[in-house]
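Undergrad: If you want the building blocks of each chain, they are given just below.
There are 2 protein chains.
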Amino acid sequence: MKLKELKNFKVPGFLASGMACGLKKKEGIRDLTLIYSEVPAVAAGMFTQNQMVSPTVPISRKALKASATTRAIIANSGNANAFTGPQGVKDCKAVVAATAKALDIQVNEVLTASTGVISVPLAVNKITAGIPSLVNQLSPDGWIHAAEGIMTTDLVSKTCVVQYDDIVVGGITKGSGMIQPNMATMLAFLASNIRIDKRTLRRALKEAVDPTFNCITVDGETSTNDMVLLMANGQAGNAPVKAGSQGYKDFVSALTHVCKTLAFKIVEDGEGATKFVTFKVSGAKTRKQAEQIGKRLANSLLVKTALFGEDPNWGRIIAAVGSAGVPILPEKLEVLLNETPLVKNGQQVKGVSQSSLQKIMKKKQIGIAIDLHMGKASAETYTCDLSYDYVRINAEYTT
Amino acid sequence: MKLKELKNFKVPGFLASGMACGLKKKEGIRDLTLIYSEVPAVAAGMFTQNQMVSPTVPISRKALKASATTRAIIANSGNANAFTGPQGVKDCKAVVAATAKALDIQVNEVLTASTGVISVPLAVNKITAGIPSLVNQLSPDGWIHAAEGIMTTDLVSKTCVVQYDDIVVGGITKGSGMIQPNMATMLAFLASNIRIDKRTLRRALKEAVDPTFNCITVDGETSTNDMVLLMANGQAGNAPVKAGSQGYKDFVSALTHVCKTLAFKIVEDGEGATKFVTFKVSGAKTRKQAEQIGKRLANSLLVKTALFGEDPNWGRIIAAVGSAGVPILPEKLEVLLNETPLVKNGQQVKGVSQSSLQKIMKKKQIGIAIDLHMGKASAETYTCDLSYDYVRINAEYTT
Numbered sequence: 000m001k002l003k004e005l006k007n008f009k010v011p012g013f014l015a016s017g018m019a020c021g022l023k024k025k026e027g028i029r030d031l032t033l034i035y036s037e038v039p040a041v042a043a044g045m046f047t048q049n050q051m052v053s054p055t056v057p058i059s060r061k062a063l064k065a066s067a068t069t070r071a072i073i074a075n076s077g078n079a080n081a082f083t084g085p086q087g088v089k090d091c092k093a094v095v096a097a098t099a100k101a102l103d104i105q106v107n108e109v110l111t112a113s114t115g116v117i118s119v120p121l122a123v124n125k126i127t128a129g130i131p132s133l134v135n136q137l138s139p140d141g142w143i144h145a146a147e148g149i150m151t152t153d154l155v156s157k158t159c160v161v162q163y164d165d166i167v168v169g170g171i172t173k174g175s176g177m178i179q180p181n182m183a184t185m186l187a188f189l190a191s192n193i194r195i196d197k198r199t200l201r202r203a204l205k206e207a208v209d210p211t212f213n214c215i216t217v218d219g220e221t222s223t224n225d226m227v228l229l230m231a232n233g234q235a236g237n238a239p240v241k242a243g244s245q246g247y248k249d250f251v252s253a254l255t256h257v258c259k260t261l262a263f264k265i266v267e268d269g270e271g272a273t274k275f276v277t278f279k280v281s282g283a284k285t286r287k288q289a290e291q292i293g294k295r296l297a298n299s300l301l302v303k304t305a306l307f308g309e310d311p312n313w314g315r316i317i318a319a320v321g322s323a324g325v326p327i328l329p330e331k332l333e334v335l336l337n338e339t340p341l342v343k344n345g346q347q348v349k350g351v352s353q354s355s356l357q358k359i360m361k362k363k364q365i366g367i368a369i370d371l372h373m374g375k376a377s378a379e380t381y382t383c384d385l386s387y388d389y390v391r392i393n394a395e396y397t398t
Numbered sequence: 000m001k002l003k004e005l006k007n008f009k010v011p012g013f014l015a016s017g018m019a020c021g022l023k024k025k026e027g028i029r030d031l032t033l034i035y036s037e038v039p040a041v042a043a044g045m046f047t048q049n050q051m052v053s054p055t056v057p058i059s060r061k062a063l064k065a066s067a068t069t070r071a072i073i074a075n076s077g078n079a080n081a082f083t084g085p086q087g088v089k090d091c092k093a094v095v096a097a098t099a100k101a102l103d104i105q106v107n108e109v110l111t112a113s114t115g116v117i118s119v120p121l122a123v124n125k126i127t128a129g130i131p132s133l134v135n136q137l138s139p140d141g142w143i144h145a146a147e148g149i150m151t152t153d154l155v156s157k158t159c160v161v162q163y164d165d166i167v168v169g170g171i172t173k174g175s176g177m178i179q180p181n182m183a184t185m186l187a188f189l190a191s192n193i194r195i196d197k198r199t200l201r202r203a204l205k206e207a208v209d210p211t212f213n214c215i216t217v218d219g220e221t222s223t224n225d226m227v228l229l230m231a232n233g234q235a236g237n238a239p240v241k242a243g244s245q246g247y248k249d250f251v252s253a254l255t256h257v258c259k260t261l262a263f264k265i266v267e268d269g270e271g272a273t274k275f276v277t278f279k280v281s282g283a284k285t286r287k288q289a290e291q292i293g294k295r296l297a298n299s300l301l302v303k304t305a306l307f308g309e310d311p312n313w314g315r316i317i318a319a320v321g322s323a324g325v326p327i328l329p330e331k332l333e334v335l336l337n338e339t340p341l342v343k344n345g346q347q348v349k350g351v352s353q354s355s356l357q358k359i360m361k362k363k364q365i366g367i368a369i370d371l372h373m374g375k376a377s378a379e380t381y382t383c384d385l386s387y388d389y390v391r392i393n394a395e396y397t398t
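Just so you know, the sequences run in chain order A and B. Just so you know, the first sequence maps onto residues 0 to 398 in numbering that gives the first Met the number 0. Just so you know, the second sequence maps onto residues 0 to 398 in numbering that gives the first Met the number 0.
Just so you know, the hints here were simulated from the structure itself, not pulled from any lab data. A couple of the hints might just be wrong.
Copies of the same chain look alike in the list, so a pair counts if it fits in one copy or across any two.
As the list claims (entries may be wrong) - Straight-line Cα separation of at most 30 Å, DSS-like style, residue types lysine-lysine; simulated pairs:
1. 9 - 125
2. 259 - 287
3. 89 - 64
Bound-form chain A, shown alone (with noise of 0.2 Å):
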């Protein structure tokens, strides 16, 4: 299988556009996204773990349930509409219904999802008053717009697309803050012409979720909204995926890679991020334990500060390694920073210089690698450091 990325985003049967409908304050950014399939295709959903949800998750829920079929997904920036009551219920429905009436298919063929402020009630007649003009506007070219259309604090638009054999596989995302591993922490809308039947989608995307957007923390932070929907139209006409086949294991690298792709540029584009950091966690005794060490490093505050101060500071990462409530056996631990081996047999490595330290501390990729000899399961988890930015991206929104 030869994957390579597209520089045009178009996926076969598939329609995107995005526009400014007034949600947000700014006149003229995007704030409302739709996506089509011209024809029914099958569609699969990962959603936030979060009780408090919007009730963009249990609509988007109950329609994948409810229909064999998915045509669009019509989604808001601006506005979660999430804790608004028996009035955000009402509001997210006529989004559906509005969306339904005017690509004249079926309520339970559209899937919804909203990002933004919570608690304030949805200016719904802006979007209702906006989805004709946003139908007029689908094209196969529309998916920068569309991708524009989620944006909340995001700095870029992001979208990756690739194709294998006759096979594309194409996403959009949008998230730079509340992003905390280990469930669907950000809006990601994926797309692709392969023919599959929605049992094997949806256990392709899980498996695509679990070790690229579920292992990605900005602030340990989870959203009400949240949600990865795929839809699969069939048009490349491939014979039918069997989850096992070559085929199927084809579909989940292509996805696996799109999924990775847009979650690195989560993380990079994080709130305030001028880091981009991986943990790799390895000899754990099980994945779980492996990915919860990942966790608590990735959201200790002390960690993501000292790389933010690019201060080599690696008695930090031991304090959490030691406080993530995982069974260690400190006398084997082993660290290493880019390579550079920093702690071995639980003791600190003779000979590292300080300033060989601090020259790898001042790069923009930085890897941590924690080794704790206990077992053969590994994880990585990937997160950004925490600026001065991401206060003040967070003491401002809002009101």
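Given the coordinates of chain A, work out where chain B should sit on it, guided by the hints.
TA: Chain B in isolation, oriented as in the chain A frame:
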């Protein structure tokens, strides 16, 4: 029982001192502390839950077990002597030995603590050279110097002393970052002239620490070093105190008062703190669940930055409650901000003006009450906001 705070810090039968031995870069800043009981005392301790610990932790634990009596606490700031390998253990033992020798007491009658940067070898000679002078400076009035000798990023030294009947309970503490609830995550040294047996003392300490030092958090970080130590020397000559008796309750009450006052001082002095925030979670099924939600709220970066920004963005509170890993009933949730109802029966309370909420957010003391309406358990968690200064302090600390 009539409890009064004393202005002059003295605990009958105890002497204390603090001096600069040269561990801290700035000359003349105190970094070495000694507390001494003129007669054999009983002692109890609570220690960090971090698995990566400074040798001060096992050495103090062992001394508490090995000896029925305790006479002294020797502590340094400027260096945590953590993750310093076998040399760190030797250094720690050398400090204890030098203290025992200078005071002419047994090695196991000495407890020891360190705080400061992790993974840097201890300049043990500076400490052992300073100890004779530190012993010479011991005085009943030396507590203020002792409190200064354990400061790290603390802006102020922290003391509290109370009296009821003939019994005096006093304590000093340090800590402003690396503070996370549910364990002793700072240094606190407590002393009383009460006559009490060692086992009952240990129980009283746990009762006093659980709702105080164990319920504060600054940044969710658990140190490698921290401990709460309590000595009681019997000089009050009271009748022996039995667990559960009125005398026991009075003592626990006084001890809790001192611990709470000191714990609050840590939060007020939290790195970069501009607010003191109390999360009261009630109506939970168990106290543990209430604590878990309180801790999630208190460690949420989005909640903490909203507090710093004086932004009544209560959607972030709701989102944090929903992601604490505790099953809740969203439709029963109630939220109050300094007694102003924000959410009732899971819905926003109408008629609360944004400007009145903003006015509350400008206060120094913010109280956020969450009622889950699912049970009878409750817990309070105390924290501060997250400001630019937290990032500055922790990006610049050490190297």
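Undergrad: Hint by hint, which ones does the structure fall short of?
TA: none
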